[in-house]
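Each chain is listed here by its residues.
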Amino acid sequence: MHKFILRRLAMLIPVLLGVSFIVFSIMDLTPGDPVEMYLGDNYTPEAHAEMTKELGLDKPFIVRYLSYIGNAVQGDFGISYSTKQPVLDEILARFPNTLVLAIAALIFAIVVGIILGTISAAKQNSIFDSMSTFTALIGVSMPNFWFGLMLIIIFAAGLGWFPSSEFSGVKSLVLPAIALGTNSLAIITRMTRSSLLETIRQDYVRTARAKGLKEYKVIIKHALRNAMIPIITISGLQFGFLISGAVVIETVFSWPGIGRLLVEAIQLKDTPIVLSLVLIKAGMFTVINLGTDIMYAFFDPRIRAQYKAKRV
Amino acid sequence: MVKRFSFLFIVFILIVSVMAGCSSQAGNGTTTGKNSTKDTLTIGIPDAPVYMDPQIQATLASYRVTTQIFDRLVALDDDMKIVPALADSWEVENETTTVFHLHKGVKFHNGEEMKAEDVKFSLERAIASAGVNYNYLIIKDIIIVDDYTIKIVTKQPFNALLYRLSLDAAAIISKKAATSDKDFNKHPIGAGPYKFVSWDLGGDVVLEAFPDYYKGEPKIKKLIFKHIPEAINRSIGLETGEIDLAYDLAITDLDKVKKNKNLKLEEVTSTTVNYLGFNTKKPNLDDVRVRKAIAYALNTKDIIDIVFNGTATPAHNTMLPPSLSGSVPDTIKYDYNLDKAKSLLAEAGHPNGFKTTLWVPDTQVLKSAAEVVQGQLSKIGIDVEIKLMQSGTFYSSTGKGEHDLFFMTKTSIDPDSMLRAIYHSEAFGLSGNRSFWATKEVDAMLDKASQTTDPDEAKKLYAEVQKIVADQVPVIPIAIEHLNAGMQSKVNGFGLYPGKTHYIYGTHFGK
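Line order of the protein sequences matches chains G and B. Counting in the numbering used here, the first sequence runs from 1 upward without gaps. Counting in the numbering used here, the second sequence runs from 1001 upward without gaps.
Chain G extracted, bound-state conformation (with noise of 0.2 angstroms):
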């Protein structure tokens, strides 16, 4: 196990190694000059010259990639082109509000997912049912910035419910955790009636029921309970696409996460910013991945025996 854990975890090194990669080329070869985006709209030829060297932009290519990466492995990310801080801090800033955002989005699409998703499960083929089929199709087609916008209308604009922009407490919270977590939702519910309908049909639901034990009891105590294991590493996935998928949800409700920072970045051709974001990501997402593996191993015996079988 220890050994699964720690290959896994080496395996990060050719990820972030090749993401890095990857977007510093393409940084590189979109046109747009990062200079000018430090100096503003008027300067002399000396002055872009100067910036150039100063940014080391002078640089081939791949001095400046090994460099950037032997920085970022001391935990040096470099300085923002567009507003001259120390990337990190301006990454760290604003880090922890795109996290409340993903967690309550995520707590928002596991309850009322698992919800949903057990009445379907247990009312099959009811109304109930094929409504939230319907619900879970138009949550996973619809794209989230509209969706938001639709809520700021109604709620915000219209009913007054719930601030439209602002950023302060938990009311601000509810629109944009709903918009960003409604995909989530979708998948969960499905999830969870597949998953559900697979073990209502096992024999020990079966005995259960003969034992005489109320229906909302076989559902819940028995056959929810050892539902659970996919519907986990499922939501365990959707926090990884959570935490990356708040780019547009965040400018929507003007949120002042690392999702906005990224697309202010990149208008700005702010190479640093946008790299160190994209290897951050790219980083949690392989880490979520072999959580919820691990989760995996953690919840099925049956994995675990295999792991100590192979003595992986």
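Just so you know, these hints were derived from the structure itself, not from any lab. Ideal Cβ positions, reconstructed from N, Cα and C, are used throughout, including at glycine. Treat the hints with care, since some could be wrong.
Simulated restraints on C-beta separations [unchecked claim]: (1) Gly1429/B to Asp76/G: 49 to 55 angstroms; (2) Lys1215/B to Gln74/G: 48 to 54 angstroms; (3) Lys1261/B to Glu215/G: 21 to 27 angstroms; (4) Lys1490/B to Asp293/G: 55 to 61 angstroms; (5) Gly1241/B to Ile294/G: 46 to 52 angstroms; (6) Leu1137/B to Trp146/G: 45 to 51 angstroms; (7) Met284/G to Gly1429/B: 41 to 47 angstroms.
Dumping the calculated DMTMM-like pairs for lysine to aspartate or glutamate here, alpha-carbon to alpha-carbon at most 20 angstroms [said to hold, decoys possible]: (8) Lys1440/B to Asp1200/B; (9) Lys84/G to Asp1200/B; (10) Lys1400/B to Asp28/G; (11) Lys1400/B to Asp33/G; (12) Lys84/G to Asp1047/B; (13) Lys84/G to Asp1183/B; (14) Lys1387/B to Asp33/G; (15) Lys1140/B to Glu46/G.
Over 10 angstroms on every C-beta distance to chain G, these chain B residues come out as not near it, computed from the model [claimed, not checked]: (16) Gly1044; (17) His1103; (18) Gly1111; (19) Arg1125; (20) Asn1133; (21) Ala1160; (22) Lys1176; (23) Pro1283; (24) Asn1284; (25) Asp1286; (26) Asp1287; (27) Ser1396; (28) Asp1471.
Dock chain B against chain G, hints included.
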């Protein structure tokens, strides 16, 4: 099972407590309204400020905040006229030297008195900063006469000096604060009506009234600049009362704001000109007959109606907006005339038109303008392919002259900086002349106009330049944008400044 639910419950409690922390933090004073005597103004801005130090880089988003913190020697009023600010008066000593008499008893936010030494230090600091010095390299020397008198000497005679000194980059800053160990960008100290309070990375900027402001304490005690990137959210924020004032509403939201009893809208013609340019180094476009044909084929009224929803002013064949001195509209007219356009094209050897590209930055307004131009030119057989790109890419590639046609905007507050950037040979490329068109004659006239101390002569020269370029059409000025700001109807005294960096001082709630 129970364990798992209790785990979820703990996570939930943790998040709620984290957010309770956030809300109590934000609750301190940032409450928008509802308290009986409202003295906090929350302003929704489209772009986040980048620097609090006005002398790092000339960016509108930063200047919209720093202009409240720092005053300059002179200022422009809402009608773009030069008025005294930190300098009470000035006189021209000779054609390269201007003497400024400073207002006595002006206090910086740190309590120090502003003296000639601070002025010299500030301007020299601007000249030394690559991001803003473009406008100040003309200054040769700054001489302190006494504590309240200072002389500014230019390398050549230069009559746009006062305009340049009114810009935000010419902010007068406290020498003591700027030379201390503290990072000036995080602790900016000026002599403006508002003091800097806080600015969280990615968050709001908070300023508070400076009680010792030399023109009197501001009526609004606290300003909060809130970054709201989506235009629709700024108008919704006005409707819900979350913000009191919003800059740059979307053209499509204006009617909604006008019709709302609780809100009002202010509009003013800006100094930003939208124009279509030709790379005159490219085949076809190097022929003035082709450029004129295109000028005749454009229907400005349609462009304004479609792109700006009717809220823009026609440019009348000059790059100088009417609010700038020396503006002469319609020295030559190109009224919409397809027959004339076709015959000019035929004369130039393209009876059936030709293929070309139109380069444009990817913003809503410019993109739709490009589409309308594309449609209008197709009527004379010119097949335009639109090349949409990120702003940064657009500026650098057009700066290198890779483009054919291009569509963009230019903002300026004085005739010299506008005409020089667009038509002077020294501004070829990145500095603004992306048509790469220039003549020695126009160069000489622009130089002379900027040097003469006789305003009438300058006006004559600018009129002559406008006539020549209207005939040669290296660019076609199309429309002057309108600026807008929406606000709660109880907000009074706010003046929209055509130069976009609106000055909050003077704004108040109620009558």
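| Restraint check for Lys84/G with Asp1183/B, where alpha carbons must lie at most 20 angstroms apart | 12 angstroms, holds
| 10 angstroms cut-off, C-beta based - Asp1287/B kept clear of every residue in chain G | The assertion about Asp1287/B holds, with a minimum of 28 angstroms to chain G.
| request: Beyond 10 angstroms from every chain G Cβ: check whether that's true for Asn1284/B. | output: Holds, because the least Cβ-Cβ distance between Asn1284/B and chain G comes to about 24 angstroms, which exceeds 10 angstroms.
| query | When you take the CB atoms of Lys1261/B and Glu215/G, is the distance between them in 21 to 27 angstroms? | reply | 56 angstroms, violated
| said: Quick check: does the Cβ-Cβ distance between Lys1215/B and Gln74/G fall within 48 to 54 angstroms? | reply: 51 angstroms, holds
| Are all C-beta atoms of chain G more than 10 angstroms from that of Ser1396/B? | 4 angstroms, violated
| request: Could you let me know if the closest chain G CB is still more than 10 angstroms away from the CB of Ala1160/B? | output: 14 angstroms, holds
| Taking C-beta pairs only, is Pro1283/B more than 10 angstroms away from all of chain G? | Per Cβ check, Pro1283/B is outside 10 angstroms of chain G; nearest 23 angstroms; holds.
| query | Taking the CB of Leu1137/B and the CB of Trp146/G, does the distance hold inside 45 to 51 angstroms? | reply | With a Cβ separation near 49 angstroms, Leu1137/B and Trp146/G satisfy 45 to 51 angstroms, so the hint holds.
| field | Verdict on Gly1044/B as a residue remote from chain G, using beta-carbon distances over 10 angstroms | value | Nearest chain G Cβ is 8 angstroms from Gly1044/B, so the label is violated.
| field | Pairwise hint evaluation, Asp1047/B against Lys84/G, where the allowed Cα distance is 20 angstroms at most | value | 17 angstroms, holds
| Given as non-interface: Asp1286/B, partner chain G, CB spacing beyond 10 angstroms | Asp1286/B clear of chain G: closest Cβ-Cβ about 24 angstroms, beyond 10 angstroms.
Violated hints, in rising order: 1, 3, 8, 16, 20 and 27; the structure is consistent with all others.
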